[in-house]
Amino acid sequence: MAIGLEHYLVVGAVLFALGLVCCMARRTAIGILIGIELILNAANINLIAFDRFGTGRFDGQIFAVFVIILAACEAAIALAIIIGMFMNFGTIDTDVADKLEG
Amino acid sequence: MSSADWIAISPLIAVAAAAVVVMMLAAFWRRHAIVAAASMIGLAVALFCVLPARSAAPRMVTGLLAIDEFGLFYVGLLLKGSLAVAAVSYGYLRARGRDAEEYYALLLTATLGCVTLAVSAHFVSFFLGLEILSVSLYALIAYTRERARSIEAGIKYLVLAAGSAAFLLFGMALLYAEYGAMGFAPLAKALKASGGANVYMLAGMALILVGAGFKLAAAPFHLWTPDVYEGAPAPATAFVAGVSKVAMAALLLRFLTQLGATDSRPILIALSALAVASMFAGNLLALLQRNVKRILAYSSIAHIGYLLVAFIAAGPMGAEAATFYLAAYMITTLIAFGVVAALSPRDRDADAMEDYQGLFWRRPWMGGAFVAALLSLAGIPLTAGFIGKYFVVASGIGSALWALVLILALNSAIGLFYYLRSVVAVYARPGEEAKAADRAPGFSLAGGVALAVLGFSLILLGVYPAPLLRLIQTAIASL
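Residue numbers (the numbering used here), protein chains in the order written: chain A, 1 to 102; chain B, 1 to 479.
If we strip away everything but chain B, and leave its shape as in the complex, we get (with noise of 0.2 Å):
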């Protein structure tokens, strides 16, 4: 390896490092506010290798990782996700009082696993990468292990996640057998040269989409995400839901991209299926659900939908809008599960809607991000979510897509309305016990940094797109 390829690796090369020296810390000066800090600065240490690695992109990096313009833009996004949920977790880890330090050396190493998906071009970068995300997450899941909830849905994320691994490398292994490589770009070559696909690719392909769908908590692999979200504490669910999907679709955008998998109908077909299956699972099942953790958990099923219809929309627009529509999606759903976090107190999570009647009356800040978040869930204008959702509708369009754009907007219709209901209750007047009980017993001053951050990009890129869309463009490019 060259000196330019260390600097191009340079931000998982700091995140990694970091990971090690809060384990150090953990083990040897338990300090709940120190390792907090140290891992804070890693993250920022990383976000701040990403320049140099831009001017040492693109490369490719032993043939398993990409550093790429497209690679680095989702890099400096997880990161910058996964600061903001270590800001966030700081509250909250601190009103449950103890065992917080050794959280943040999985979170660092969770984060590790989604720079590793978000540059990985080669089927072990892919699956070491998935794995490292992972096994980090079962045990961050789990990590109030005091509380029965935390404990199963710790269970039931690593039965499914670890089956739906293994069905991944049975894929992989079947592609492998098939064409003699590992890569993305040698495979493609190879997928080429054979003309077009036969049965062991599209078994190949259908279990690596099993596994990737299961990931992503896209319909009908979604059943683990209600259970996982609720009995998750509020920080660790935020990873999960906007951090960790995040580096999965990036990766799964890059691997069919170079295949050119979209160009193969049975694919295409597949991939309309497990959209329209989510959004209407995600938005019917919402409307049932008076939990507000579960209530995000079934959102985030639908917008994996909406998602899923850029990407069949492919080609640069809809890789565009995908990237968009993903940035817009993990702020939105950062501020969400932040608010949530703060507000929760020692022995539980804020997860019953009563905790938020009347938020806005008692925290007008916080209940003002919070109300931002579920607007931009809901796609209203002046939000980032918005943006995203235009983008994703223009390339349906553009691609000629009207069934899947049709069902799109009736599902956006069917989801104001619970966003909506849950807009109403924090507008609501408080009752006088919840007037006596108001505390924000999570928050803490990093996170309401982060949750301000969050909420002023959320209304940034809702009001002025151009300077994201332009880097977003370069991203795609070069692709």
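Chain A on its own, in the form it takes in the complex (with noise of 0.2 Å):
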């Protein structure tokens, strides 16, 4: 059986599936953003799917560069802000900072 479209086009919803359900359910912050790196890598998997069957054009795979490379740079600033969590609260866990009201 070759391997299509469909079969791009499932992996890249379980993986967005993942990511969701990984954001809302971890309760550090290391995990929430394994899960939002999952939902980036499902977009990126269909939009790279959607340009090899689809157009063909490699507008969509340069913009998968595009989206690894902000990823990347989000990686880095958030690994900051969460050292920065744990000198000021001694813990990454997302619920225990709650000083601010609301």
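All clues given are correct.
Now the in silico label distances, taken between C-beta atoms and shown as ranges:
{"#": "1", "chain 1": "B", "residue 1": "Ile-397", "chain 2": "A", "residue 2": "Gly-56", "range": "47 to 55 Å"}
{"#": "2", "chain 1": "A", "residue 1": "Glu-6", "chain 2": "B", "residue 2": "Trp-29", "range": "52 to 60 Å"}
{"#": "3", "chain 1": "A", "residue 1": "Ile-68", "chain 2": "B", "residue 2": "Arg-439", "range": "43 to 51 Å"}
{"#": "4", "chain 1": "A", "residue 1": "Ile-69", "chain 2": "B", "residue 2": "Leu-223", "range": "26 to 34 Å"}
{"#": "5", "chain 1": "A", "residue 1": "Ile-69", "chain 2": "B", "residue 2": "Ile-34", "range": "29 to 37 Å"}
{"#": "6", "chain 1": "B", "residue 1": "Gly-398", "chain 2": "A", "residue 2": "Ala-72", "range": "46 to 54 Å"}
{"#": "7", "chain 1": "A", "residue 1": "Glu-6", "chain 2": "B", "residue 2": "Ser-2", "range": "40 to 48 Å"}
{"#": "8", "chain 1": "A", "residue 1": "Thr-28", "chain 2": "B", "residue 2": "Tyr-390", "range": "44 to 52 Å"}
{"#": "9", "chain 1": "A", "residue 1": "Ala-13", "chain 2": "B", "residue 2": "Tyr-464", "range": "52 to 60 Å"}
{"#": "10", "chain 1": "A", "residue 1": "Ile-68", "chain 2": "B", "residue 2": "Val-463", "range": "49 to 57 Å"}
Rather than coming from a laboratory, the hints here were simulated on the basis of the structure.
Positions of the beta carbon are idealized from the N, C-alpha and C atoms, including for glycine.
Put the two chains together into one complex; each comes in its own frame, and the hints tell you how they fit.
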């Protein structure tokens, strides 16, 4: 059986769902970050698959490269803030950080 | 790329170059005043570059950036806002006393993200601009890292902004899958050829609206707003509230107009739901607050609701109303948070109502500016906020959106209550201890000049809006 567009789309959808569950269920900041990376990569898989099986103009693949770079930047800043959180709260559990009302 | 292309994007290049220069200065010549001056000069140069760019407009640069009157109008507006934030930041950071230099590099990269959004006409530049803005904002919000509140606000913004950006990207992937295009213009063509909405298109648009609604802090995506506004250092809050939202709204305006999305009934219903929820959530929750930064946060949520009414009204009149409203909103918000920044002592932000008790008697100019901002937010005549609200209501009536206009009027009345409550506090006789503690440690000459110019524009636009209106009309005509 040849692997076609549908297979990629199913993988992308499953990855999106897993990322969403990960974002919602995880308590630690790192866990949430992992969930976000999963959603970004789900979108990446879709972009590349649509490009390969659809337009074939490489614009989707180039976009995916942009997304990978931006995700790396985001992770760098996110980890710096998470270290700041550990310095202040002594934990990276997001439930503990509730000094702000609401 | 031709030389005209380079001239057309010169404002963006100037901001990017200024960010690099300021980063180098922060590394090798750590003098707060010099770094601040360099970043303000960089922004002024970028602002000056808008003039030659206008002569090269309209022009598509590499299919990603649409340099037209509309984009350049917003670029100018955003650069002015950013300049005001830089000026206000100087006094605030000087009072705080350490590690101020990197702040300006982050401010400039955030501005770069904003101006990219304003001229973006393609999913790639959309996402790139949004992420440059967001990533800079994470660091700006958590910048006072010795304060637990600031870090907490940073984490909250990080988690929710990154999540919403991921949603947005998935929405873009869906639209790309269905129509095989990423530029707004080719996408609109493909959309028209396919003959209306289908599941992919609606799911993609819904995800993009979630992402944009989050950045604009429209209810029900507003949950981060009060916490982030309260926790972030006041000048960063001014940037989040005043500048970044204007950039996102400009992009959304271009995106929805070019795609003709406001002809689609499901999208109109979604936008109306966002508008109504934002107006009620913002105004009703603001009534319960005692913290000034939180009141302003909820008020900004309500204002996005008013703005969305102009989006729904659509057509040239709606777009003009939205643009004027955004200009007025930006000026007003920057004054309000500028005053908060100027009054903030070294170890915390001046966000308690007591900090403003009798402000007018202690510092008449600062108190006057704060009152003017509050009245403009409430939409009292002779302020820019009144003219903005007038145009939004007029565009709503022009499109026969009776229910929305009624809800807007009702909400303005609710809003009046908490704005006037704050005004009363500013005019109350100060207590003895407030008099004793009278200082504005975060005040600087640059910040004072910025506040004065902003205050003057606030009144000028309220009395004589015609020149700005003409500028907006040419801008909208190019959309």
